[in-house]
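A.B. asks: Protein chains in written order, with numbering that gives the first Met the number 0: chain Z, 0 to 328; chain A, 0 to 328.
Do not rely on the hints blindly, as some may be mistaken.
For identical chains, the list gives no copy identity; a pair is met inside one copy or between any two copies.
Stated by the list, open to error - With a straight-line Cα cutoff of 25 Å, these simulated BS3-like cross-link-like pairs (lysine-lysine) come out:
(1) Lys324 with Lys278
(2) Lys118 with Lys128
(3) Lys173 with Lys161
(4) Lys316 with Lys300
(5) Lys145 with Lys300
(6) Lys118 with Lys145
(7) Lys128 with Lys55
(8) Lys290 with Lys262
(9) Lys290 with Lys323
(10) Lys278 with Lys316
(11) Lys173 with Lys278
(12) Lys278 with Lys323
These are calculated hints, taken from the structure and not from any lab test.
Residue strings, one per chain:
Number of protein chains: 2
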Amino acid sequence: MARNSTDFKAVVLAGGSGERFWPLSTPQRPKQFLSVFGSSSLIRQSVARLEGLVKKEDVFIVTSRDLVDATRAELPEIPPGNIIGEPMRRDTGAAVALGVGLAGDGVVGFFSSDQLVAKPEAFREAVAKAIEIARSAPKIVTIGIKPDSPSTLFGYIDPATKKFIEKPNAEYAKKYVESGYLWNAGMFIAEAGTFRAAFAEHAPRLAPLASPETLREADLDAIYAALPRISFDFAVMEKFPAVDVVPGDFGWDDVGSYLAFDKYFPHDGDGNVALGAMKAVDSAGNIAVAKGARISLVGVKNLVVVTTGDDVLVADKASLSSIKKLFAK
Amino acid sequence: MARNSTDFKAVVLAGGSGERFWPLSTPQRPKQFLSVFGSSSLIRQSVARLEGLVKKEDVFIVTSRDLVDATRAELPEIPPGNIIGEPMRRDTGAAVALGVGLAGDGVVGFFSSDQLVAKPEAFREAVAKAIEIARSAPKIVTIGIKPDSPSTLFGYIDPATKKFIEKPNAEYAKKYVESGYLWNAGMFIAEAGTFRAAFAEHAPRLAPLASPETLREADLDAIYAALPRISFDFAVMEKFPAVDVVPGDFGWDDVGSYLAFDKYFPHDGDGNVALGAMKAVDSAGNIAVAKGARISLVGVKNLVVVTTGDDVLVADKASLSSIKKLFAK
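Given the sequences, and given the hints that come with them, work out the whole structure.
C.D. replies: This is the structure in structure tokens:
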């Protein structure tokens with residue numbers, strides 16, 4: 000397949016705070032740098048699966064300023080000037096606007112840096128379809144993921160009405176899945192001009208970032224300090240009238256928590272998953288990740304135990320969403 | 000108090016496999032070397048609390064051969080020749096016999112190297128009383144500990160009949176405590192000649208070790224290889240007719256498991272005990288011992304989490320007796 004569109008540019012959003020996979024990931028090496036899922040880091044995989052859709056010099060990475068060096072080192076094939084650091088976190092609204100400004104013109108697609116795709120060829124087909132639509136109409140096209148569970152962790156899209164819906168509770172999630180709604184995986188494809196028009200109309204404070212002229216002359220620090228913290232979904236997608244949806248069914252996984260280890264690694268007879276040196280006695284259903292030290296489990300169930308040598312995390316599987324509270328302290 | 004009896008000799012038994020406090024203790028540094036309880040190691044405390052009862056040159060340590068160097072380094076004030084290593088583990092029967100052989104004559108007392116005593120002065124008073132009895136009659140005198148719970152971890156002594164009773168089940172333990180029975184803490188005091196006579200009568204295979212003459216000429220390796228594995232309680236105390244008991248109430252604790260940390264260290268508001276760097280979120284009733292790495296707990300209850308940098312143990316408090324299964328694997 001040689002779909003490389005001369006006018007397509009891809010922006011990979013690579014923020015991340017390193018909390019959900021702490022201590023494997025850290026603020027200095029957030030989730031996209033994890034290389035336990037597959038043979039390379041998640042961000043390398045994210046860039047690699049765009050191959051055939053876009054030329055390397057048309058791939059842009061929006062990350063945080065303190066991750067620019069690590070990202071350039073991880074992706075030496077991307078022109079260093081295409082890897083840009085935001086001076087502070089301002090959510091995806093600002094990141095998408097900056098990406099549009101960097102890409103300049105043509106069709107621009109936004110992708111995450113820390114997700115898995117089991118069937119990259121099917122992924123590329125869906126994106127190619129979205130590019131086609133975006134090229135022929137002033138629409139923002141999103142790839143809607145076919146849900147494999149009534150997850151409450153994602154927003155949904157109604158493919159009939161193209162309506163964006165916030166993360167629901169369990170009851171609504173079930174209804175949405177039964178109604179054929181799709182997951183919003185944060186993939187957006189549109190002409191740069193369409194994005195710019197959408198920002199100008201619905202999020203004018205973000206619009207200057209989306210303009211290459213402004214961007215070139217600008218002091219990003221000053222611009223960012225004045226920006227609102229707002230997601231692209233909330234700032235634009237929930238309001239923009241010309242949305243289209245391409246359904247995607249390509250084994251997408253946002254690798255949202257340590258439970259991903261249960262999905263991608265083999266279990267022993269007691270349902271324990273071990274990466275690295277682990278011994279278990281009278282223990283079942285645990286995930287052990289041992290880097291730099293050995294882990295021994297005695298009489299414990301459904302725990303996530305992770306060591307990096309310097310740090311040891313012991314969390315109940317049902318409490319993984321509370322890992323972030325460690326950092327609030 | 001200057002009770003130093005010119006004829007009293009103390010033998011401290013310092014074996015240990017390092018399993019119950021693994022990975023804090025190891026086969027190379029078993030429990031008696033732990034220095035977290037009090038300001039020095041348990042073996043230093045065990046020797047220190049004999050001060051006033053016995054001169055340094057009359058203190059003997061029976062340990063395993065591979066611990067001799069570490070023990071001499073830990074107790075530089077004890078003459079190195081008084082610290083003897085058994086070539087192999089043959090239970091307390093052999094260790095007591097060897098101690099009698101080393102001590103030679105006079106009144107000999109046996110003590111453990113890995114127990115705590117909260118009131119050393121009361122301990123010394125009890126031992127002095129036992130020495131007095133042993134000096135005046137051919138009896139083996141034991142210090143019986145006043146129980147603070149119906150423990151199933153210790154043997155009991157009926158102070159009326161002087162009968163030794165094996166570790167009971169919970170039902171019997173309750174009965175014994177209600178009947179005023181005392182714990183057998185493995186402290187025995189008798190004239191060397193009384194010990195020798197008891198071995199000759201009830202455990203003749205151990206008797207050669209108890210004789211200084213045999214010991215001096217002997218090849219310990221050959222003797223030990225032929226010895227039975229048998230405890231001193233079972234080999235001698237349960238059969239010897241001339242037993243006496245001195246009750247002891249001096250805050251004795253055998254520091255039998257990680258639960259000792261709950262007893263000796265302060266708790267946070269959620270009942271967690273931490274030694275070293277620990278953060279806890281939504282977690283209660285845990286014991287965390289962090290050496291060489293930090294521990295973070297999220298949503299977990301009643302666990303013991305110990306790290307030494309190289310090893311991480313995560314055990315349920317109710318399963319601590321299964322730690323030894325890690326080594327059987």
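A.B. asks: Need the list of violated hint numbers for this structure, in ascending order.
C.D. replies: Those not satisfied are hints 5, 11.
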